[in-house]
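K.L.:
Take a look at the letters that make up each chain.
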Amino acid sequence: MIDALGRPQSLLLLGGTSEIALAVARAWSDAHPVVTVAARPGSRRDDAVAGLRAEGFEVEVHDFDAEATDTHPALIEAVASTRDIDVALVAFGVLGDEEEAWTDHAAAVRLAQVNYTGAVSVGVCLAEVLRRQGHGTIVALSSVAGERVRRSNFVYGSSKAGMDGFYLGLGEALREYGARVLVVRPGFVHTKMTKGREPAPMSVSADQVAEAVVRGVAGRAELVWVPPLLRGVMSGLRHVPRPLFRRLPL
Amino acid sequence: MVSRALTVDADQVAETVRSAGPRGLVARGLGRSYGDAAQNAGGTVLLPISGETRMDGEDVVVSAGTSLHDLMRYLLPRGRFLPVTPGTRYVTVGGAIACDVHGKSHHRVGTFGATVVSADLVTPDGETHRIGPTQDPELFWATVGGMGLTGVLLRATLRTIPVETGWVRVDTERFGDLGSLTAAMRESDDAWTYSVAWVDTVSRGRALGRSVLSRGEHALVGDLDGRRARTPYPLPGEPRLAAPSGVPDGLVSRASVRAFNGLWFHKAPRHREGELQSLASFFHPLDGVGDWNRLYGPSGFVQYQLVVPDAAEEVVHNAVRRLAAGGHASFLAVLKRFGPANQGLLSFPVAGWTLALDLPARPGLASVLDDLDARVAEVGGRVYLAKDARLSARSFAAMYPRADEFARVRDRVDPGRILASDLARRLGL
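Chains as they are written, first to last, in the working numbering: chain L, 1 to 250; chain Z, 1 to 429.
With the rest of the complex left out, here is chain Z (with noise of 0.2 Å):
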């Protein structure tokens, strides 16, 4: 896959994507997808735009191509954090606004996307939109979650919330299997602002849906202690470790997975309160080691992130039965109770369980989850785009009903249908 990718200031974008040739444009942001959502075979990536930030009371403006990362630097020492926070930090504005992501915080304040009071989006007519929920609201909600296919976008305004520390109080619980973890989710979730659980999906019999739930709150000042009250805000720092290149297939089997639950899971206290972490360590853990997805070898691996309304939550009990049964280990799997879907035509979330897991690309896997798209969809369930590599246009379809909604949008500020990627070739977007 080969593509021309260019870096322009901001007042030169309309005219570059005037320009983009027969294959068209899209923009990237730091290419963290796991699919190919920012990639465009033949034609033209717009690689990130940067500029400047500032705050506007309580609110901060920042230019599109500027990573959470230096986001989060800027905004921690001034006592403010963002509401939503995805599991990396090396992902853009932008990007974050276009796959409109979700953090630990879903099931209290949405996407990212709710985040946005504002957004300036250029389309291929050259013209710059001013776009935000009551400012053209049909072109911010096919912008939210619209991966990049309606524009792109220069710089946004985002809602922030005051933070006393850079700490976060945590409680671990662990869960023998995944009936008692959706079961404490229901009754005890929207207590905390931060929840996510990670279970054990590769293990046989019993252990098998074995979980660890952490659900946290920002820190206040009286709850460090001596070392750390000396530095509220300790800010995310750069990976430490990285992954060699040149890994071969098979590190990743499902015997040092299996190896790899069982330590995570015994490592995790039974219960245990009031843990301090730090918001990167709690947040991002993977970002401390940089290139990690090399470690599944040249045939690498797909993600697979499926949400199911909360009446549907056998499907996500069937999903881990299957894919174990299979042979299909998952290093890390995911569990999130999501809260309700917001306006964005192709968002993801939907109130419900949502299950992100990282699968080793392998012969069978194929299948497995093309069978699973169907039971997803058919319960009114869908997958993530932002991490999708391998769905077909048919379940899409089937999963994203407004997407004709999409479509009228896209005939609106590109006709021509001069925005393009991969992902929307895949999926006859």
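For reference, chain L alone in the conformation it holds in the complex (with noise of 0.2 Å):
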């Protein structure tokens, strides 16, 4: 359950290597959840689930491929049988080379499939769970990328507006369920998968973006931007006439 103060109790992190799931899971340490780390097997779902163990987590593993959508079904329920899922994050993505992934026919394909199909198969499933349960929150790692698409990096910004728009829809749909969704909408994260790359104005953390998430889902929020100034840029960005916008330097 989560508690009153916004805490859960097990966690299922599906994407569970990135930086920004295990900050997230780091940020709920003091409640001492149940981590389910859902990931494809190799040294860097051993080296995180060691992390976590380190950390005093009691950690699940499961073998997770976000292409794979005929397996999400079992893998979901699989999960869901130990114990309730309290929060689920749906952390994985993957942002490839930007003009590779509008000129190359199987890298774009693959960034769609992994990006919003794998986000729409996972949500479909976790969506099943929670309104059995009654209670359960999904947090939605969407990106302002998606929030108005981008010449820069548009395959990757227009699956995350996909799976931002499917996320925010499937909180409308899951509410009289009593179960929630976070859709979480950070700017430029410095981790690992955006290394090399320019960072942005007004770049964050993967901690910084695993507390909007705890401070998200403690309340109760829908759709939270990190850092919290990014929504009135965006929002102005978006009304933009596009000869502007394409100068902008974006």
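Hints in this document: simulated from the structure, not taken from any laboratory. All figures in this text were calculated on a predicted structure; none of them were measured in a lab. All C-beta atoms, glycine included, are put in the ideal place defined by N, C-alpha and C. Treat the hints loosely; a few may be bogus.
Example chain Z residues on the side facing chain L (calculated, C-beta under 8 Å, incomplete) [what the hints assert, rightly or not]:
id : residue
1  : Val2
2  : Ser3
3  : Asp36
4  : Gly43
5  : Val302
6  : Leu365
7  : Ser367
8  : Asp370
9  : Arg390
10 : Ser392
11 : Arg425
Beyond 10 Å from chain Z on every Cβ pair, some chain L residues (computed) [claimed, not checked]:
id : residue
12 : Thr103
13 : Arg110
14 : Val149
Starting from two chains that each stand alone, build the complex the way the hints lay out.
P.N.:
Next up, the structure:
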């Protein structure tokens, strides 16, 4: 159960090796949630699990491949069979090379499948479990890149725009069942995924995103920006005329 | 959190419990618990079961869904009263037994469970058990304080006490600090039937811990003057004020709470004897304002009530200092001296000191309360499940050593764990 101060007892990390996912787990460490790491097998997952255990977490591990959508229903049911899913974090995603992403057919399809199809797939499975439980929160890691898609990373941005819309809608659909969805829109986050890229203005760390998740779940928020100031910025950018927008250094 | 709420007749309870779905069922009274004891996400919640009330000699036979408000209105004109009444009348008899509630008389007469002569309990196998201190005491003492996890109570027979009037003679005394308050309570609480103290937990410096002790006895006919003598049994009425909805966060702030506490302290007399108060205003001051919880805004508040053994009084002093230092302002902080524990497997009271706090939910509170949990458990104390909404399963296990015995009784009457609540899930019960 999520307690009255907004702290979960169980946490499912889909894409459990992502830095943001691990930062979210650490941000809740004083609540001692059982953490289920769902990720592809390999050394990254081994390291993530070992790190969490070293910090005192009780950890369970499941194989998860975002593209293998036909395996998702069984995976989510397996996780839900041992205990309620209090918070599920949809944290997987690929950024890829921005130019390759629209010039290489295979890269484009893969990005769309992981970031959008995979996200929709687990969302539907999680919704089924949360409806049955009558409670629980899905935290979907979106991006401001999806709010107004830009030339510089439009394949990634469009996939995030799609998953963002899906999860906002899912939140509405789940309201009457007692379950919630929190959509998180970070700006540029300093992680391995973005390493070597020129940071955008108002960039944040994985820990800052994690803090926003913890606050958002406790405050029963539906949509948060990290940093919060981005809300106003993006609101303005949405209305910039296209000829001007393409000249902006974004 | 969503569950299916059902109202059924007493004779349908067994079938309803048997046919509860995979998320189980729990009975709910008036839903006044501060926590998740009567919530059951995804499952079924059984609403109060009404029925008639009648006297059986000096005992009263009452359906579990009857509120203490209605019960008192039935008893008072007959010159009877309940030996134990909690801080609100808007709870049901079933809820009062399941939470084993206490009142200002605990040091003398114990908990609500101690007033139960017998009760009828429907267990998940559909059986109705007549339980009491002498009838299946094992199941009885699991049910008293058992948070509804042993079955659904249908009705109970309760002991009542005679009262000459519906008034209380109240003595009020002010103390400048917590130490002199506890000394006075140690010394002379036993001479009073009712005793409770209010403590200022928000002021800075020397005002921290100043308190108002109020103690009372049922007034006799001879204590009443002309006007009151004409209405010796004033009946408790309905709430006269209602808090509005849509109050923003922050109304109950450190500043407003400090101002309130200052007023409360200075409005109390240094020492006054023999003031007459109606039973309702003495026992249930908050019942005069409907939906007062709304004043905390959307973030809400949590109640934290701890008890520690007499020898560990220092933990109470520490808790007050710690919360004040962290800026966690409690609108009302109540201190009471408990008498001995009973045999209830999950019953809250143990002989010693209990402190109850209303704390607005704000950042940093969770970790302060986690630390307090550890201190309380260390000295053999515990927190009150009826008010809890944030205790962890491991702290619960450390505080309630008889939880294993409780689980064994449930293995007997509910092996499939059909009775379920969010509190049970949270605490691993």
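K.L.:
For every hint, state whether the structure bears it out.
P.N.:
Outcome of the hint check:
no.	hint	result
1	Val2	holds (3 Å)
2	Ser3	holds (6 Å)
3	Asp36	holds (7 Å)
4	Gly43	holds (7 Å)
5	Val302	holds (5 Å)
6	Leu365	holds (6 Å)
7	Ser367	holds (6 Å)
8	Asp370	holds (6 Å)
9	Arg390	holds (4 Å)
10	Ser392	holds (7 Å)
11	Arg425	holds (5 Å)
12	Thr103	holds (47 Å)
13	Arg110	holds (37 Å)
14	Val149	holds (34 Å)
The structure agrees with every numbered hint stated previously.
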